[in-house]
Amino acid sequence: MWKVLTTIFMGFICANSIFAQPVLTPKNLALGGGGTTYITDFNANFYNPANLLINDRARVVDIGFLSSGSFFNGVLNFEDLNDQKDNYLRYFNKFESGEFSASQAERDLIIDTHYKRDRLSSFHQARFDATTFGVNWISNNKAYSIASRTRVGSSFETGRNWYTDQLVVNDGISISNQDIVHRYQVLHEFSIGYSESVKLINGLSSRLDNFLIGIAPKFILAGPYQNIEWRNNYNQQNGSTEINRAQVFNYQSAGNLSAATQAYLSGTTANQATDMSLESFQDELTNIHGFGIGVDVGFTYLLTFGSDLSTLNSNRQRTQNSLRLSFSINDLGFVNYNDQTLYLEEMNSSSEPQNFPTIADEYFAGAPGQFLNFVDEHGDGNPFTDYSTDFKTASFSTLLPTSFNGGVLIELNRIKIMGDMSIGISNNAFNSTRLITSLGTEIRPLNFLPLRGGLQLGPGLPGSFNAGTAIETKFWDLSLAVTVSARSFTTATNWSGVGVAVLQFHL
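Everything in the sequence shown is counted per my numbering, starting at -2 for the first residue and increasing by one.
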């Protein structure tokens, strides 16, 4: 069943860059990735469950199947759609030798695109979300929701000197950076959401407003996991012949990624260890290596104005003119990994090498298993073999990718304008500590035909330009969204993430 579902989802994707968002749907993908105030169906479980009580259309029950969204911020990109689709798939499928080779011209392009202004490292991310089923309903001025989803996150950071031997000079110090960091995680979540209006606060304010609070606890089955960090920096004082090298290495994994590392440490070549141990992307999704619990909470202040009396109407009148202010905390919780686990606590070392490191003839894209092969083939030394006797096999726990999100939305009949901000408390597979800003608008020239557009900006990240539409009838919806990303206006733009909601029904 999982193979069928994931094959359907991947067929829709021709994906580049929506960072730090708690959930991906065709609607919020089209609006720049935000959604703290906008999402009101069962997907609000994963973003802001307070919004479940907002009636932005005439319905009591929503039921949906197979809503998906995906993107990747590629190291190299292609304007041809078929080439870009194949490029996208390489970021999720297990590593295959020879698929990531980089010519001198391509390495120069990587430096020009991702390491402008002498940037020492570049951050990239790939993500795939699929809400397999969801239902939400309103009863007695309270809202309830059930939703299940699978999400896959892969984020990685690479130093500039994997691709160039030109040093960056900063305050009289020549620096070579060969950092490489990869974080990868698969989570299957089952969430139950609840929202109600807080009467104490409402009693102290206008009857045209509502203060909504929502909570959505969830149970998690955890799939493959990897968190590897190799900080590897060289520096030389101007006028000195002495080179100083500092390294930090730590490692955690669960599943077949652990099996590949253990096979490599036992003497198998990196390529053989990866090929024998890892399964296809679809098969890896069905492998469970841990469990967890979490909760998403949210708050929304809803103020209606003009002729909109929906906050007073017990017949669930549709909200048409409103101001919404929202705040949510997502992914509070943890995951415990207890199957096929391997970890190495942080190791530090320093040395004085004779030369700066050489460059690689391929690029790193975060494909499952690529880290092991990349370090084995191109690393100046090998932290895996250096600390081979220090790896341990025991269960461990990690925090969920917690993030804070806030937003504002102004609704004027057929027009919605919104802005969101999001930040993670840590760097992980799904988000980062970079503050992300999203802006979006929705216009309805016809009641059943919303036109959506947005953009997203973040420090050191490529901007994204988004668009989407839908057919929304009284009883069912079909939504689509696309994203185009560019590192700058002087380089080519590329097709980015695609979102598809196969069907959503309203009763």
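There may be inaccurate statements among the hints.
Under the rule of at most 16 Å between Cα atoms (straight-line distance), these lysine to aspartate or glutamate pairs were calculated in the EDC-like manner [stated by the list, open to error]: (1) K471 with D53; (2) K389 with E359; (3) K139 with D272; (4) K139 with E96; (5) K389 with D336; (6) K82 with E96; (7) K196 with D206; (8) K389 with E343.
What the hints contain is simulated information worked out from the structure, not anything from laboratory work.
Okay, the hints, checked on the actual structure:
no. : hint           : in the structure
1   : K471 with D53  : holds (13 Å)
2   : K389 with E359 : violated (31 Å)
3   : K139 with D272 : violated (52 Å)
4   : K139 with E96  : violated (52 Å)
5   : K389 with D336 : holds (13 Å)
6   : K82 with E96   : holds (14 Å)
7   : K196 with D206 : holds (11 Å)
8   : K389 with E343 : holds (12 Å)
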